[in-house]
Amino acid sequence: MAKKLPKVDVVIVGVGWGGGIIAQELTKQGLTVVGLERGKERKTEDYFMVHDELRYALRYELMQDLSKETITFRSNTRIRALPMRQYGSFLIGTGLGGAGVHWNGQTFRFLPYDFQIRSKTIERYGEKKIPDNMTIQDWGITYDEMEPYYDRFEKLTGISGEENPLGGKRSSPYPTPPMKQTPAMKMFADAATKLKLHPYMMPSANLSQQYTNEDGVSRAACQYCGYCERFGCEYGAKADPVVTVIPVAKKSGKFEIRTHSHVRRILHTGNKATGVLYTDVTTGEEIEQPADIVVLTSYVFNNARLLLLSKLGRPYDPATGKGVIGKNYAYQVIRGGATGFFEEKEFNLYAGAGSLGMTLDDYNGDNFDHSDLKFIHGASISFSQTGQRPVANNPVPKGTPNWGKDFKAASIKYFNRALGVGAQGSSMPFRQHFLDLDPTYRDAFGDPLIRITFDFEEQDRQLAAFTADKCGEILKEMGATQIDVRRELGPYDITPYQSTHNTGGVIMGASPDISAVNNYLQMWDVENLFVIGASAFPHNSGYNPTDTVGALAYRAAEGIAKYAKGSGGLLV
Amino acid sequence: MAQTDERQEQPVSRRKFLKNSGLVLGGLVVGGVAGSLLKTKAPPAPQAAPAAPDFNQALMYFTPEQFRVVEAATERIFPEDEHGPGAKTLGAAYFIDHQLAGDWGFNSREYMQGPFYPGEATQGYQGRLKRREIFDIGIQEMNNYSTAKHQKRFYELEPNQQDGVLKAFESDEVKLTTISASGFFKMLRASTLEGVYADPLYGGNKNMDGWRMKNYPGNQMAYTQVIEQDKFVKMDPVSLRDHQHG
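Residue numbers (the working numbering), protein chains in the order written: chain R, 1 to 572; chain E, 573 to 818.
Everything labelled a hint here was simulated from the structure, so no lab data went into it. Careful: at least some of the hints might be erroneous.
[Stated by the list, open to error] Below, a sample of chain R positions facing chain E; criterion: calculated Cβ distance under 7 Å:
1) 195
2) 408
3) 415
[Unchecked claim] Derived contacts from chain E toward chain R, CB cut-off under 7 Å, selection only:
4) 697
5) 701
6) 705
7) 709
8) 749
9) 750
10) 751
11) 752
12) 755
13) 759
14) 765
15) 789
16) 812
The beta-carbon is built from N, C-alpha and C at its ideal position, and this holds for glycine as well.
If we strip away everything but chain R, and leave its shape as in the complex, we get (with noise of 0.2 Å):
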């Protein structure tokens, strides 16, 4: 029998950059917050040797324990998922802060385009453009709407950057100016303006100077140490919900964070959630903490993971297409890029930070036509200057053998000498690709997996070869002397290292039918249970997701004291 806590307000499951916005904005509407963490509590503090590359880049440090959870994967349904046994494709982040701790501070708005994707691609092409089994649909809400809730998250994480010239109208400017210039990122903007093209510095939450938000969180500026992505900021410079939003909840004394708790299941009655049921990792035991009102906010899988094992909200049937939980699952087309070797030219390439680059996005959304293309929407091309550490980067020309005196000659050469021009794809979401309960495998619980059943299509392969091709068009316009162009997709192959950027599964919409949640994140069939975070996309845009991810959150916690303080029903 578990243990049962006295009743609170509102519970949260999970503590990142969803849970930590929330907990923060509803303990300043008064209400009483407890967050449930399944992974260890974390401070500036602990990443004193953060500048690890073997411990936290290649041995996952910060990433959860695969020996308890992971996912399992098919490419179809014609074959067996299998699990997911070691870290490649992506990353998946648990202790306190979550992804975001260990994220690049890429921070992207989404374009106007991507929330009317459906009707905006029917008025320009017609509905032939859409294949049947592609499902795109509108989010329920519009770039304008989004806009306010933008502007709030950018202005807590303090977001370094210039106006994009291609992007959706700003209401402000961002509260930092953009980061520093190093000269590969002034050579990428020199090569497209060169070609037409309109980069812009990349949105960064590695701050550019000193910034103190409007909840009194200060914090110092970036030194491009090169130690983002799979690392914590020991300088607090990347703006982390542990060095941001959780303070401010605990200042408030009205939130209580339980780390070690991993919760199971969310309790309910008839169409309320009641609670949650979580076991104490450390001791093992089962608690249950009542609440009015249940948040989850864990990572995309375990959103939906929760509401399946917990047979909430309707499953989703890929041989009918009916049912929202688990629709939707999308990803990211990333390996359409190219790498340019510059034999005259040795560039400071160890040095950099996690969202210092440039970007462009003429051939992102549906800033360009279509008309002729075999895909819709598009990738930012950027070129990023992250800090290239030595284990994981060894570029060689195309040819070149990949080990032995050749090998070592030339990784020595060129560890200095060769540039990225990468594409973030955007990813289509299709009938066939979603997230469903493993019917063999299980955690360390006892409780069945979450299965990925997904691969890439036509859609991504032709979007792929098109990115390839403009990113080796850039390299040549920056002079180049090799270009190694990758317009080849393949399948989906869940072992090299992709993105981090999950989508789905609990998807947004304008109506029950095909949505799980309303525009307030809020579930159609549970009034009381909100789900935030990647899950909510019904598709994924050429772009990292965190942004849009605060957005929602902001706007769900908006909803959340709507909620709380009215009678109850549906906000929407």
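With chain R held as given, fit chain E onto it using these hints.
Relative to the frame of chain R, chain E by itself:
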């Protein structure tokens, strides 16, 4: 932008960093690392002392025979040449030995529950063997193959013969029943590069000479003075040990 030998930049000391960065201590967020640095004592003056023996160079997992095979193989993957030392001098085989003795060798943070089925290549490793077991088998098979072909153990072969053996594993020309020869080679190659370039605290990259070859400056605190420079800035590397004791 020619390479310069000039040492443009001194590593920024943490004290200096604090002074220059305008890091605010106080308020809601105190830079934890920086906060603790304030109490750090000044580093002791360097003094000439006899070189201490490297206590790290002893075996935690391999038998001496296994070690000889791995050391010889790593040296072929990353050989000594005019650029500098190879994997052997850098201690890559000690690195691999130490790694196999710990979490990584036991796959302890990876999902190792059954049932086990052979999967598609796109589904990743699906074996039941741990890395240390794969190394045991792979090393034995390298010796078996070497003996069958050249009547000598792997480490007794000429370098070009050793390359031939490694290529046979890399291309799966060697057919093994228990493990994938190419999968083992991939692991050997990847862990050799780790042993050459990971922080010396793990037993490889001796004296940070792997980093020096690649002009990688190691664990510096800040590059604010370098980031915009057009010239290549060469620095003497700094390790995590320097960070701990500096």
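Okay, the hints, checked on the actual structure:
1. 195: 22 Å, violated
2. 408: 6 Å, holds
3. 415: Interface hint status for residue 415/R: holds (5 Å vs cutoff 7 Å).
4. 697: Result: holds, 6 Å to nearest chain R Cβ.
5. 701: Violated - the Cβ of residue 701/E stays beyond 7 Å from chain R, reaching only about 11 Å at its closest.
6. 705: 14 Å, violated
7. 709: At about 18 Å, which exceeds the 7 Å cut-off, the nearest Cβ of chain R leaves the hint on residue 709/E violated.
8. 749: With a minimum Cβ separation of about 21 Å from chain R (threshold 7 Å), the hint on residue 749/E is violated.
9. 750: 17 Å, violated
10. 751: Cβ of residue 751/E sits 15 Å from chain R, so the hint is violated.
11. 752: Violated, about 13 Å.
12. 755: 11 Å, violated
13. 759: 11 Å, violated
14. 765: 6 Å, holds
15. 789: Hint on residue 789/E: holds, closest Cβ of chain R at ~6 Å, below 7 Å.
16. 812: 6 Å, holds
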